[in-house]
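Since chain U is already given, all that's left is putting chain S on it; use the hints.
Protein chains in written order, with my numbering: chain U, 6 to 389; chain S, 6 to 389.
A couple of the hints might just be wrong.
No copy labels: a pair is met if it fits in one copy or bridges any two.
Quick list of in silico lysine-lysine cross-link-like pairs, BS3-like style, CA-CA up to 30 Å [as the list claims (entries may be wrong)]: (1) Lys356 x Lys131; (2) Lys268 x Lys172; (3) Lys223 x Lys141; (4) Lys141 x Lys250; (5) Lys209 x Lys151; (6) Lys356 x Lys141; (7) Lys141 x Lys174; (8) Lys131 x Lys151; (9) Lys172 x Lys151; (10) Lys131 x Lys223; (11) Lys174 x Lys151; (12) Lys268 x Lys321.
Derived by calculation from the structure, the hints in this document are not laboratory data.
2 protein chains.
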Amino acid sequence: MTKLRTLLMLVAMLVGLNTLSAQQNLWQKKGLTSPEILSDNSVVVRLYAPQAQSVVLKCDFVDGGRVDMTRNDDGVWEYRSEPLASELYCYRFSIDGMADMVDPSSSYVMRDVGTLMSYFIIAGDKGSLYSPQAVKHGTLSRVWAKVSDGRERRMTVYTPAGYEQSKRKYPVLYLLHGMGGDEEAWVATGRVQEIMDNLIAEGKAEPMIVVMTNGCTKHVAAPGYSEEGMWSPYMSGSMDGSFEKMFPSVVEWVDEHYRTIAKPEMRAIAGLSMGGFHSMQISKEYPAMFDYVGLFSAAIFRGEEGVATYDDLEAKLERQFSDKPQLYWIAIGSGDFLYDENVKYRELLDKLGCEYVYRESTGGHEWRNWRIYLTEFAQMLFKK
Amino acid sequence: MTKLRTLLMLVAMLVGLNTLSAQQNLWQKKGLTSPEILSDNSVVVRLYAPQAQSVVLKCDFVDGGRVDMTRNDDGVWEYRSEPLASELYCYRFSIDGMADMVDPSSSYVMRDVGTLMSYFIIAGDKGSLYSPQAVKHGTLSRVWAKVSDGRERRMTVYTPAGYEQSKRKYPVLYLLHGMGGDEEAWVATGRVQEIMDNLIAEGKAEPMIVVMTNGCTKHVAAPGYSEEGMWSPYMSGSMDGSFEKMFPSVVEWVDEHYRTIAKPEMRAIAGLSMGGFHSMQISKEYPAMFDYVGLFSAAIFRGEEGVATYDDLEAKLERQFSDKPQLYWIAIGSGDFLYDENVKYRELLDKLGCEYVYRESTGGHEWRNWRIYLTEFAQMLFKK
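The shape of chain U in the complex, shown without the other chains:
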């Protein structure tokens, strides 16, 4: 067999992998690279759409979140950004009023609730922290745990590098998602594995287990991972106390199945938005369970309806803070729509004499902040 024949067979093997991808490989506009990160950290995104009248780039790296793209003579629409700061950025295309599309030239998409977004990373400080580096990597597992509602529920568990090889026990961070999210959210958009691998490798965070639950008690798993089938996530969340009630059985299951240090001073709970609400509630309802609490843009507001577990709020907070938590950390962006509610909550804590640490960032109710909060929070845990 000649070299040419060997090569042709290799090509055929690849192209033959799937009829659809074969077609795609042959028909896709050749040589189109998108996104392309240039040496000055500007990015060029491109879309081949020869007959389109208008292509709008919707993204988080231009002011206002949208910009018109420009068509060149080859039918390729382009946009070149300003040099960008190190970050993880997302984008989609809006073509002639169609529903927004991910970039067909990139296979890097992440799902946030029910929306797919193309993304890229500009290396540097944050971008490098959110990217896999040449360090020891932890294990990421999707496990099923039978909890107190009698159902098996899916969780994502990060164990740090070395866990399998050692016999030591580890502290645990319980990390909760927001409304519409699920046990995949912190992994996909929150970059948990990359952040924890990198912080631990640099000695900035203690090696710890991170447990990511599904905070919607109606569902046992993220869309597509349970017998519910291929549903579309939308307003899925649990703010009726049902999630909080099952949480002790989650902790119990984790302590049984992992080598944990099953003590409050080696347990943290944190979450974003609804997950911040859950963290506040759970740490208050079970004050002997967690010595570290993180509220990231927490959905804290005092409802008379629908939020049953707010009974005796003051008394329960006083009970929780009577044995001063190691860290009660409240973080929010100055532009967050929940800012005022968090001010009110801090005023209540102040009135009750409950000590907390407050961290105010710029920006709003967005993953960009939650990744930063996780990065900062993780470095403050379990150092005693």
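Relative to chain U, chain S alone:
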């Protein structure tokens, strides 16, 4: 706080999750459901594209793989299929000659090599086997193993339901991907978790560990999961013997880190295309390692160049088969472009008196067949 206010805050919390998804939620064509599976198992796919001149559906559920969609008065393009047999189906849209797009109304996509495809499942026999059911689920882990090339390499490991709770030891199936694939391929497109969970729950397959390696020695992990960053997969594979050489260290690592029955009669190796080639090679080079071998559409052809490990093929096959394997299973579709090469390989085995089981299906070099082969192969393993 009134009910209305509570509701508005919940909506705001969801919409506020991300600027992009907020925009998407507000701007997306309302009420567009795609795909929609009707009661007769026909499917309707829809795309809102009011200004498009032509929308072609590329898919694996119409003859020829493509069909024109029809525009209705609302600017929605539709296609309704014939009633479909139970299966997992993939599709993409080709709009006015643009690069093929996944369905913006669905968040269910899978990556095959570098191509994203929208997918849906028609329940019934195969479709239900490929879907999560209300059964006990195994754990799926992404782990990093230091192997004989001195690098940490990423693997996907399925452990069956009950593994964590028991002290028993399990047999292991090593399951290898094809050219361009990686350690994610069998999970995403191959539906390993669903197939194994369901077969084991029904008592049709023995509980077993499934280890999915990355057969491209140049890369240590799938795109985006290592310090190589966000590269585009294409001709990535290893057919130079380097993968085969490191395989004993993979088995050793698995035996050290999991409760395996570390005996050849409790080990199987199988793979598709290039992974079938690897399975043939590895089982031949290390004849005392595996008692079960599965070649799925194996990329078997006798090269004089580039396939170094074909030295002494006949002698090594005779050595391997002198201690008759429990099962040596060769499966291929009658329409596979590697069909003739597999005929030649079987003729060689016949000449040498090597006993195997041959399974010929319809169809070609495609995941649809590989899921079927896995289903059949898994049920024949470790039953003695």
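Status of the hints after comparison with the structure:
In this assembly of identical chains, the alpha carbons of lysine 356 and lysine 131 never lie at most 30 Å apart, being 37 Å within a copy and 61 Å across copies at closest. For the homomeric pair lysine 268 and lysine 172, the shortest alpha-carbon distances inside one copy (18 Å) and between copies (26 Å) are both at most 30 Å. Within a single copy, lysine 223 and lysine 141 get their C-alpha atoms only as close as 37 Å, which misses the 30 Å cut-off; across copies the closest is 18 Å, which meets it. In this assembly of identical chains, lysine 141 and lysine 250 lie within 30 Å of each other by CA distance solely across copies; the values are 23 Å between and 36 Å within a copy.
When the C-alpha separation of lysine 209 and lysine 151 is checked against a cutoff of 30 Å, the pair qualifies only between copies, where the shortest distance is 24 Å, while the shortest distance within a copy is 34 Å. With identical chains, the CA atoms of lysine 356 and lysine 141 are never at most 30 Å apart, being 46 Å at best within one copy and 49 Å at best between copies. Taking the closest pair of Cα atoms, lysine 141 and lysine 174 come within 30 Å of each other both inside a single copy (18 Å) and across two copies (28 Å). In this assembly of identical chains, the alpha carbons of lysine 131 and lysine 151 lie at most 30 Å apart only when taken from different copies (28 Å versus 37 Å within one copy).
For the identical chains of this complex, lysine 172 and lysine 151 are neighbours both inside a copy (25 Å) and across copies (19 Å), given an alpha-carbon limit of 30 Å. Proximity of lysine 131 to lysine 223 under the C-alpha cut-off of 30 Å is restricted to the inter-copy arrangement: shortest distance 27 Å between copies versus 35 Å within a copy. Taking the shortest Cα distances, lysine 174 and lysine 151 sit within 30 Å of each other both inside one copy (22 Å) and across copies (22 Å). Proximity of lysine 268 to lysine 321 under the C-alpha cut-off of 30 Å is restricted to the intra-copy arrangement: shortest distance 21 Å within a copy versus 57 Å between copies.
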